[in-house]
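Novice: Generate coordinates for the entire structure from the input sequences, incorporating the hints supplied.
Single-letter residue listing:
Protein chains: 2
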Amino acid sequence: MSFGNNKKGPKPEIPRQAVYRLSVYLRCLNRLNANGIQTVSSRALAGAAGVKPTQLRKDLTYFGQFGTRGLGYDVSQLTQMISNVLGTEKLQPVVMIGVGNLGLALLSYRGFEQEGFEIVAAFDIDPKRQRNKQIKQLILPMTQLASYVKAHSVKMAILCLPAEAAQETGNFLIDQGITGILNFAPIVLQVPETVMVNNVNLAIELENLSYFIQEDSPEPSTRKSDASVSR
Amino acid sequence: MSFGNNKKGPKPEIPRQAVYRLSVYLRCLNRLNANGIQTVSSRALAGAAGVKPTQLRKDLTYFGQFGTRGLGYDVSQLTQMISNVLGTEKLQPVVMIGVGNLGLALLSYRGFEQEGFEIVAAFDIDPKRQRNKQIKQLILPMTQLASYVKAHSVKMAILCLPAEAAQETGNFLIDQGITGILNFAPIVLQVPETVMVNNVNLAIELENLSYFIQEDSPEPSTRKSDASVSR
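Residue numbers (numbering that gives the first Met the number 0), protein chains in the order written: chain A, 0 to 230; chain B, 0 to 230.
Calculated directly from the structure, the hints in this document are not laboratory data.
Accuracy of the hints is not assured; some may be wrong.
A pair counts as met if it fits within one copy or between any two copies, since identical chains are not told apart.
What the hints assert, rightly or not - Heads up, simulated SDA-like pairs for lysine to any residue below, C-alpha to C-alpha not over 20 Å straight-line:
hint	residue 1	residue 2
1	Lys132	Tyr108
2	Lys132	Gly99
3	Lys57	Glu117
4	Lys51	Leu188
5	Lys149	Phe62
6	Lys89	Pro161
As the structure is a computational prediction, the values presented were derived from the model and not from experiment.
Specialist: Written out as C-alpha cells, the structure reads:
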C-alpha cells in the first residue's frame, strides 16, 4: 500500500484511537519541520507524542508505513502521508449550526483554519438576533441550509445547540448529506451507521477533572495509558 | 458506602470512562427532573445515556448505589449522589490561562456556570493588549497568579496557550497548587502523578471526523462501543 501520492486506496479498518494518535503525530512532525529537522527516530517521535515507540510503530503500520530501520522516519514524507490519510491536505468546509454563546465563540476562533478546516457559514433559527460580537461568516436561516450544503459540497458540521433541539436538527443535517458532526450538545445523538459523531462537552471535561482532583480521590486507574488526546 | 450526605469517604478506584459516563447520567437525570419525573428504570436511564443497562448498573455499583429492584432509581437521590461523587455540588472556581482567541472565546461562554464551574479570573503574559471583545472577568498578569490562586483556593485551570508555552506554564501552575488542568494546547503535558490533565483539541476532533467521512473509509471499528462523551 502506498500513500506517497494523492490517490486514496481502500483503507484497513483501524481503531478510532489510532486515528486520534495520527493527529498528534502530525502536530509533532509539524513542530520538527518548523525546527528544520528532517528525520526522526520512532523513539523520539513517540516521546514527543507521549506514547510508547511500539505504539507509534503499530499505528503507522496500519497505513503500510514502516520507516527505514536505523534511519528513522523522513519528517516531510511522514507528514504528507498522515495528512493524506486524514483527508486534511486541502482546506475542508465546515458549517456551524447554532449561533448562541458557544457557537459565536467558536466562530471567532481562528485555530480551525490553521489546521485545515474553514467554517464557511453559520446557520441559526434566528439569524437576525442581535449578537454581541462581530464575526466574518454570514449567519443564515436554517431554511437555506440544504441548498448551501449542496452548493458547497459540505460534509461536516459543528453542532452548538441546546440538548432539546440537537437530535431533530441532527436528523435534518444528515438528510442534507452531512456525514461528520462535531457535537457540542450535551446529548447522545442517534445517527445511522454511515454518519460519524464526535462529542465535545467542555463542562463534562471539567466535571471529570473535578472528580479526580478531590483530595480523597484515588489516582485515576487509566491515566497512564491515556496519553492520547480528547478525553 | 453512603453518598447521601456531604461527607466524602475514600472512593474505590474507578475507570476514567466510568466517571465520564456519570456526567452523562447526571445530565439525563437533570432532564428527567425538569420534566417532573421522579423515578427511572435502569433501562430507560441507560437508553437516554446511550449505554447498555448492564453498563449503567455496573457504573453505579462503583459508588455503592444499587437502586431498588423493580422500583428503579429515585431521580433526585441519584442526582444528588452523582453530584456529590463528582464534587460539583457547589460552584468551583477555575482560572483561565492565556487570553488569545480561544481563551477569549471561552471566557464569554456562559455554559460553564450552569454546570457548576465559574471562571473567576484570567491570566495572560500581556493582560493589557487590546482585545476585540468585552468580558466580565479581570485579565491579570501572570505575576499575580500565585497569590490569586492561593487567596481563592483555586485548584483547576483551563490552559489556552500555544504549544511552545504550555509545558513551562503548566509547570508553574502545578507549583502554585493547581491539580486539575483542562488543556487546549496541542501538546502532551508532562505532569506529576498527583495532577490530572484532560485534553481538548477541537482541530483534532475535526481531523478525526475528516478521516472517517472519506468516501473510501471503512466504518470506524470502535464506533458502536463509543457511546460516551468526549472522544
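Novice: Quick check: which numbered hints come out false for this structure?
Specialist: Numbers 3, 5, 6, in rising order.
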